[in-house]
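*Asks:* What follows is each chain in one-letter form.
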Amino acid sequence: MKILVYTSSSCPYCRKTKDFLKKHGVKFKEINISKYPSAAKELRGKTGQTGVPVTLTGNHKIVGFNEEKLRRILKIKRKNIE
Amino acid sequence: MIFTLRKEKEREYTHHDAAVIGAGPAGLTAAIYLGRAKIDTVIFEKIAPGGLIASTDWIENYPGFPDGTSGEKLSELMEDQAIRFGARIEAIEIIGVDLNSDPIEIKTNGGAYTAYAIIIASGTSPRRLNVPGEEELIGKGISFCATCDAPFFEGEDIIVVGAGNSGIQESLYLSKFAKSIKVVEFLDHPTAEKILLDRIKEFDKIELLLYHEVKRFLGEGKLTGVEVEDRESKKKKVIDVKGAFIYVGLVPNTGFLNDAVDMDPEGFIKTGPKLSTSKEGAFAAGDVRTTSLRQVATAIGDGALAAHGVREYLEER
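Residue numbers (the numbering used here), protein chains in the order written: chain C, 1 to 82; chain V, 1001 to 1317.
To be clear, the hints were calculated from the coordinates, so they are not data collected in a lab.
Source: prediction; values computed, not measured.
Each hint should be verified, as a subset may be incorrect.
Claimed, not checked - Mimicking DSS-like on lysine-lysine, the simulated pairs with C-alpha atoms at most 25 Å apart in a straight line are: (1) K1179/V with K35/C; (2) K1073/V with K29/C; (3) K1073/V with K22/C; (4) K1235/V with K1215/V; (5) K1215/V with K1236/V; (6) K35/C with K1205/V.
Unchecked claim - Some chain C residues well away from chain V (every beta-carbon gap over 12 Å; in silico): (7) K2; (8) I3; (9) G25; (10) V26; (11) K29; (12) L56; (13) H60; (14) R72; (15) I73.
To be verified - Per label pair, the in silico range of CB-to-CB distance: (16) K75/C with G1255/V: 28 to 34 Å; (17) R1127/V with G48/C: 23 to 29 Å; (18) R1127/V with N66/C: 18 to 24 Å; (19) H24/C with G1064/V: 34 to 40 Å; (20) V1131/V with G48/C: 19 to 25 Å; (21) S1125/V with R71/C: 22 to 28 Å.
Don't be surprised by glycine CBs; every beta carbon is placed ideally from N, CA and C.
Here chain C stands alone, though its shape is the one from the complex:
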């Protein structure tokens, strides 16, 4: 399942989302709206969102850093102690 993560350069929650996915070995494609402003327009048109991070996969949209939703949708299991 393809995973797109819309980010911007100085967004703390974007970094948190990317770090979380990397920590759990989840491959994703990052689209940085600071580098590609047209992507902001595209994301806004597609989802109505005007904030990052936004993670898109299949029919799912995860707004912000939402660990529980990321775990549920991407099937990331919780270890005893992380």
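Given chain C, work out where chain V should sit, using these hints.
*Replies:* Just chain V now, with coordinates in the frame of chain C:
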């Protein structure tokens, strides 16, 4: 059996001599000083190192950078410096602390920790206006972070709420994207530094709207306008905008403390001369404590002072 082992594991505590809650400028400075003193320290950070400065466009009043620096760059440098002196940054959130236990118990969403001393440097979060429409339209036109979300408002009319330093500084950044910016200020005068106010005069697209109060945000699923009231005439009007950035102050991140230390009426932590709190072994530094100025420069001083306080405390223990 597996269940029993898991419960046993959950009861394990990881111990450090000192723990720093928050990896903003205050927390990272404390970590640098504690690291150089060879005090075994862990830092907890729930979002990402740097704190609020990581999402600040430009910082010009922090010495050592004569041309200014981006907040993102400055926070990276501070993080690198803390790591160089052995800082161990755990990307986990604090759920609660027991300041009456010895050592102090720290509950996190990644297990339990103990430490002989802690520095609370958990910083602040943007204050909300708490007016109708705000909650529903966050991320759908309303933002608290210009450097994160500005590209969404290329060529749009927007408002910035608050004419303090943050509101004006971020308006300057937003002017690279937005078609027009109205800065709505509750008071009858802006409170930003004069140098910033002089700078916005150079931008025709930035307009100050003083002595006006935001009453509500309008729009179904996306922001379409903001209703403001002239505080003198009491007349209301709607400003048509697609974006609103809110900079109306800060609230302390102290929920995890459950009022365990003395705080002022706004919830900021009261500290003594060495930045000790009302509980032994607990210190506070940076924006989270009661102070008259919240800047990178003051947070840095706080971090150093609190680390020194921890060092003395541990030596006397």
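*Asks:* If a hint holds in the structure, say so; if it doesn't, say that too.
*Replies:* Hint check results:
A hinted pair counts as satisfied when its Cα atoms are at most 25 Å apart, and K1179/V with K35/C qualifies at roughly 20 Å. Between K1073/V and K29/C the alpha-carbon distance is near 24 Å, which keeps this suggested pair within the 25 Å criterion. As the CA atoms of K1073/V and K22/C are separated by approximately 22 Å, the hinted pair is consistent with the 25 Å bound. In summary, the hint linking K1235/V to K1215/V is supported, as the alpha carbons are separated by about 11 Å, within the 25 Å threshold.
With a C-alpha separation of about 9 Å, the suggested pairing of K1215/V with K1236/V holds against the 25 Å cut-off. Between K35/C and K1205/V, the direct Cα distance comes to roughly 24 Å. Compliance with the 25 Å bound is thereby established for this hinted pair. Every C-beta of chain V lies more than 12 Å from that of K2/C, the closest at about 23 Å, which supports listing it as non-interface. Its beta-carbon lying about 20 Å from the closest one in chain V, I3/C satisfies the requirement of being farther than 12 Å from that chain.
Every CB of chain V lies more than 12 Å from the CB of G25/C, the least distance being 16 Å, so the non-interface label holds. Distance check on V26/C: its Cβ is at least 16 Å (rounded) from any Cβ of chain V, clearing the 12 Å threshold; non-interface status holds. With a minimum CB-CB distance of about 18 Å to chain V, K29/C clears the 12 Å threshold, and the non-interface call stands. Annotated as non-interface, L56/C keeps its C-beta farther than 12 Å from every C-beta of chain V; the closest such distance is 14 Å.
Its beta-carbon lying about 16 Å from the closest one in chain V, H60/C satisfies the requirement of being farther than 12 Å from that chain. Listed as a non-interface residue, R72/C keeps its Cβ farther than 12 Å from every Cβ of chain V; the least gap is roughly 16 Å. At roughly 18 Å from the closest C-beta of chain V, the C-beta of I73/C stays outside 12 Å, upholding its exclusion from the interface. Distance hint check: the CB atoms of K75/C and G1255/V are about 31 Å apart, consistent with the given range 28 to 34 Å.
In this structure the supplied range 23 to 29 Å holds for R1127/V paired with G48/C, their Cβ-Cβ distance being about 25 Å. Taking the beta carbon of each, R1127/V and N66/C are about 23 Å apart, inside 18 to 24 Å as hinted. Here the CB-CB span from H24/C to G1064/V is close to 38 Å, well matched to the stated 34 to 40 Å. Separation of V1131/V from G48/C is about 21 Å and conforms to the stated range, judged on CB atoms against 19 to 25 Å.
At about 24 Å, the beta-carbon gap between S1125/V and R71/C stays in the expected band of 22 to 28 Å.
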